[in-house]
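Asker: The lines below spell out each chain.
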Amino acid sequence: MIPQSFEYETPSTLQDAIGLLEKYGEDAKILSGGHSLIPMMKLRFASPEYIIDINNIPGLDYIKEEAGLVKLGALVREADVEHSDLLKTHFPIFADVAKQIADPQVRNRATVAGNLAHGDAANDQPAVMLALRASVVITGSAGARIVPIDEFFFGFYTTAIQPNEILTEIQIPVPPSGTGSAYHKLERKVGDYATAGVGVQLTLDGKGICTAIGIGLTNVNPVPLRAERSEAALLGKPINEATIAEAAKYAAEDCNPSTDLRGSDEYKRAMVAVLLKRMIIKATERALA
Amino acid sequence: MPVQQCRAWNRLPPNPSLFNINNYQITIMIQCKTSKEISGMGHSMKRKEDGRFLQGKGNYIDDLKLPGMLYMDIVRSPYAYAKIKNIDIEAALKVPGVAAVVTGKDLEKYGLHWMPTLMSDTQMVLPTDTVMYQAQEVAAVIATSRYAARDGREAVRVEYEVMKPVIDAHKALDPDAPVLRTDKPGKKDNHIWHWEAGDKEKTDKVFAEADVVVKEHMHIPRIHVSSIETCGCVADYHKVDNHLTMHMTTQAPHAIRTVIALVAGHVGLTEEKVRVISPDIGGGFGGKVPVYPGYVIAIAVSFLVGKPVKWIEDRSENLQADSFARDYHITAEMAGTKDGKILATRFKVLADHGYTDASANPSKYPVGMFSICTGSYDYQTTYMEADAVYTNKPPGGVAYRCSFRVTEAVHAIERITDRFAFEIKKDPAELRMQNFIKKEDFPWHSPTGWIYDSGDYHAGLQKAMDVVDYYGLRKLQVQKRKEGKLMGIGISTFTEVVGAGPSKDFDILGIKMFDSAEIRVHPTGKAIARFGTKSQGQGHETTYAQIIAEVLGIPAENIQVEEGDTDTAPYGLGTYASRSTPTAGAAAAVAARKLVDKARKIAAYLLEVSEEDLDWEPGKFTVKGAPEKVKTIQEIVFAAYTNHPQGMQAGFEATHYYDPPNLTFPSGAYICVVEIDKETGAIDIKRFVAIDDCGHIINPMIVQGQVHGGLTQGLAPAMYEELLYDEAGNILNGTLMDYLVPTAIESPSWETGHVVTPSPHHPIGAKGVGESPTVGAPPAIANAIVDALSPYGITHMEIPITPFKIWKALHDRGVV
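Top to bottom, those sequences are chains A and B. Under our numbering, think of the first position of the first sequence as 1, with each following residue one higher. Under our numbering, think of the first position of the second sequence as 1, with each following residue one higher.
Treat the hints with care, as some may be off.
Said to hold, decoys possible - Straight-line C-alpha distance at most 27 angstroms; calculated DSS-like pairs for lysine-lysine:
| # | chain 1 | residue 1 | chain 2 | residue 2 |
| --- | --- | --- | --- | --- |
| 1 | B | 57 | B | 526 |
| 2 | B | 85 | A | 277 |
| 3 | A | 282 | B | 526 |
Stated by the list, open to error - Rough simulated footprint, nothing fancy, chain B against chain A, three-plus residues with beta-carbon under 8 angstroms:
| # | region |
| --- | --- |
| 4 | 2–11 |
| 5 | 73–85 |
| 6 | 258–265 |
As the list claims (entries may be wrong) - If you anchor each label on the Cβ, the simulated ranges turn out as follows:
| # | chain 1 | residue 1 | chain 2 | residue 2 | range |
| --- | --- | --- | --- | --- | --- |
| 7 | B | 63 | A | 190 | 23 to 33 angstroms |
| 8 | A | 69 | B | 53 | 29 to 39 angstroms |
| 9 | A | 1 | B | 78 | 17 to 27 angstroms |
| 10 | A | 61 | B | 129 | 33 to 43 angstroms |
| 11 | B | 51 | A | 22 | 37 to 47 angstroms |
| 12 | A | 103 | B | 510 | 44 to 54 angstroms |
| 13 | B | 509 | A | 189 | 34 to 44 angstroms |
| 14 | A | 66 | B | 63 | 22 to 32 angstroms |
No wet-lab data here; the hints were simulated from the structure. Just so it is clear, CB atoms sit at the ideal spot from N, CA and C, and this is done for glycine as well.
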């Protein structure tokens, strides 16, 4: 990598890191896993003057359950969620998604929070967090604020994080029993961005009626997309061929993919429908297991 | 003579259950003439070079750091075709660390702004007025660090006047197409050359009268070798003794030395003043045969400033600017009888060479060995023609792990053969069995003039069919189709042509395509052997040592192999086109035999018997009838330095320049089995069986490694790789994020095996194997996919065949 020259800061507390952000403003970038930032610096698409490396700040790599929430610290790596027993009990979707993100070397460094903070609809974790109805904790000099995932993504590479703030935690509600989740993306080869990706979490009551549903779509819209009409088509209804088909049809209609080397708009819409069908079935099987 | 039985790494499941690949390894017996201690041919000796590679102690070009070394970075064109109005270097010269910025006008003063290509076309080193493709070199920035050089590059301002480019090869010859090579006086169009072979009249007649004629258009996509190590050099010119040492990632160091002398002789760099050193290479695959402009600029700058200059491409530069491979548009036709006899073939090729013909082909063969496209089949009527055109794309083409356009040829014949089988509703395996050249008909004269040395095509295909359980799979396919599932079986039974080549036909820039070996055995019986070739991962340090061990009986472990330094190694044309074993390997065997002849004389002298009274086995002479009277090769070599017969030269050395009497013709029978997810188009390769015939095998483990790597690079263009350009000539996939190089994850579990028909003219009966799998795999995969889709009337799919292309084909036919 031959980037433009930059100053490198390694704060040892969150307060110091936020202080540096206050000082340097938009000229600074946070480095956690670096797997979005460094490729952009390599290609000189990004040329930050200051890099604030938060990897030396202790206590940001937790995965814990508190008060009905599973909390992931800012430095939790993709490899951590891939292998976490706590997440395996509540959220099989994490094992699905993590093993489809890049390759083991990347997963050992890349962070879940960074995957969200980059604000790229091609990343996988945004769709997962939409499906899980997560919230993110954003911390600045005035303290922390909690932002629901639906209010987090603004546009291409734009999120609710201000230049003087850091995404410090992800909070995911622990679902009731009878819940299942699943994620899959089509990719051209291992490590590719999704041609289309779908994450689903649903809860069934004793009669097989869907009592909660979250559906997130990857890389088929300028911003990470919640398939709202598809969710509505399933909520309060049994999961059957008709309701699945209706949900799949709505998701294909409501996304807004662009034609590129991965395929045409038409193909991607068709793939959203196929994947949504398959993920609903897989999540349902897991909910019933 | 003791016969050792050695384990070979063939994996031949005796009773495979269709989709279940049986990982059972059976041991086939290769009769080894030498003991494991000597490790001649047939032994799976561990690679001698791996000690340093596995410990991270390889010596690659970017590891080299010389005192006072400067670094070069290259400004490249954002446009495919544009006039250069102005190059402003002022801001770049102010960047801390930047020493100089070099433009085409600077090189023009020394007559170094153009250079010849290997095909005797011309290529810009740096442009003086026009850029011809996106990512072309425009100027070079020289600085005290790589970072300063890149910062300087970003500060160079170039003003362009963009022109309408020629991108589509099919439109290059349109009357209104802009003429691209205005540098060539009198050039009125974009045509480069026309070539033909075979008999047009006879072929047209057979086609006109044939019961069955099939035809397909196929594009063999423009692809890139993408070796893990990019290209680079350190040019180190010493003013005081007017001497250039060129450290460089080249597959052909000796030829490069001659080319440098031809290009720069007029400024005083004559051939004795040039030393080329090719260090360890991280993959070549043909991409490290050409001379790229960056090398010439680095030499020019080192020459002018008297300091070493390092130039290392980055990944995107390597992918976007270095020579491409393939890019043949082929119309293939086959004529035959209703019961499956092939009568004739006809091929028409449009070759897109980019803005200059920078192919790496033997001089007399502008289409390389494309005329091998009559294939493995017994018929005598064919006609083929090719036309090459200029477009505003990077120049080429190199081979991408293939002997001079053989991959294009094999794809054409193997696809059209399947198309013929489909047309007459005959099983493609049975159709091939019906048409194969018989093993007793070798040497076989092809209708385009090749003399196939040996082969047993029936045995190869039969073995592949047995391993995969071909008829079991066909039954399974019927059942799957009833269930609405897409399953396909594809076959490729190809003939390669490698080992260029006999001096009467083969040269590059006039230099005959021999290759060489020099063996020096030291007094204690250990040896150093040097070669005109250059390994890029093939394992020469082991393979060549084993060939010499086989002949001389000196343990391979005690034979040091060196290549890549033109000051020490004998002249040779280098390593590409699977030629190292057929040429330099043969040279090693012949040189070693010369040493056995000398050893016999010394042994007779030491044992006080006549030469005829001696028996030789690798490693020792014994007296006939008195086996206790023995002289080992080590004792004989010691005597060559200490006690040699009067009148004999001292020492124990031999050199041989091997001029092959013919090419070698490796072959293979590959069967691929796929299942396709109808809804998504996703392709799952369930089985891939590769039975190769590369003649005698020197190191089974290395051969298996070569086959695995080659198959993966055959999978690449079949399903993943293609360089794509938009109408303006912008590359659409200029990074490895979008240019999809398959990995171990994409690769199926390869099942490999062999039949062995030794080359009758090669000293050790070997044929070469490095490229066969890359050549043979793509049509097997394409044929399997087309077979899976054939119930819907699909007769052809253009490679790379992607899930999207499959979905679209099915969607267009209303299937999904």
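Asker: Can you take a look at whether the region 73–85 of chain A is actually covered by chain B? Rule is 3+ residues, C-beta closer than 8 angstroms.
Answerer: violated (count 0)
Asker: Can the suggested window of 29 to 39 angstroms be confirmed for the beta-carbon pair residue 69(A) and residue 53(B)?
Answerer: 50 angstroms, violated
Asker: Would you mind confirming whether the straight-line C-alpha gap from residue 282(A) to residue 526(B) stays at or under 27 angstroms?
Answerer: 66 angstroms, violated
Asker: Please check whether residue 103(A) and residue 510(B) have a Cβ separation lying inside 44 to 54 angstroms.
Answerer: Holds - the Cβ-Cβ distance for residue 103(A) and residue 510(B), about 48 angstroms, lies within 44 to 54 angstroms.
Asker: Residue 57(B) and residue 526(B) were given as a pair; does the straight-line alpha-carbon distance stay at or below 27 angstroms?
Answerer: 24 angstroms, holds
Asker: How does the coverage statement for the region 2–11 of chain A fare against chain B, requiring three or more residues with Cβ below 8 angstroms from a Cβ of that chain?
Answerer: holds (count 3)
Asker: Does the beta carbon distance between residue 66(A) and residue 63(B) stay inside 22 to 32 angstroms, or does it fall outside?
Answerer: 51 angstroms, violated
Asker: Is it true that the C-beta distance of residue 509(B) to residue 189(A) lies inside 34 to 44 angstroms, as the hint says?
Answerer: 39 angstroms, holds
Asker: Quick check: does the Cβ-Cβ distance between residue 1(A) and residue 78(B) fall within 17 to 27 angstroms?
Answerer: 21 angstroms, holds
Asker: Quick one: see if chain B covers the region 258–265 of chain A, three-plus residues with Cβ-Cβ under 8 angstroms.
Answerer: holds (count 4)
Asker: Residue 85(B) and residue 277(A) were given as a pair; does the straight-line alpha-carbon distance stay at or below 27 angstroms?
Answerer: Violated: residue 85(B) and residue 277(A) sit about 57 angstroms apart, past 27 angstroms.
Asker: Could you see if the CB distance from residue 51(B) to residue 22(A) stays within 37 to 47 angstroms?
Answerer: About 54 angstroms separates the Cβ atoms of residue 51(B) and residue 22(A), which means 37 to 47 angstroms is violated.
Going through the hint list in order, the structure does not satisfy hints 2, 3, 5, 8, 10, 11, 14.
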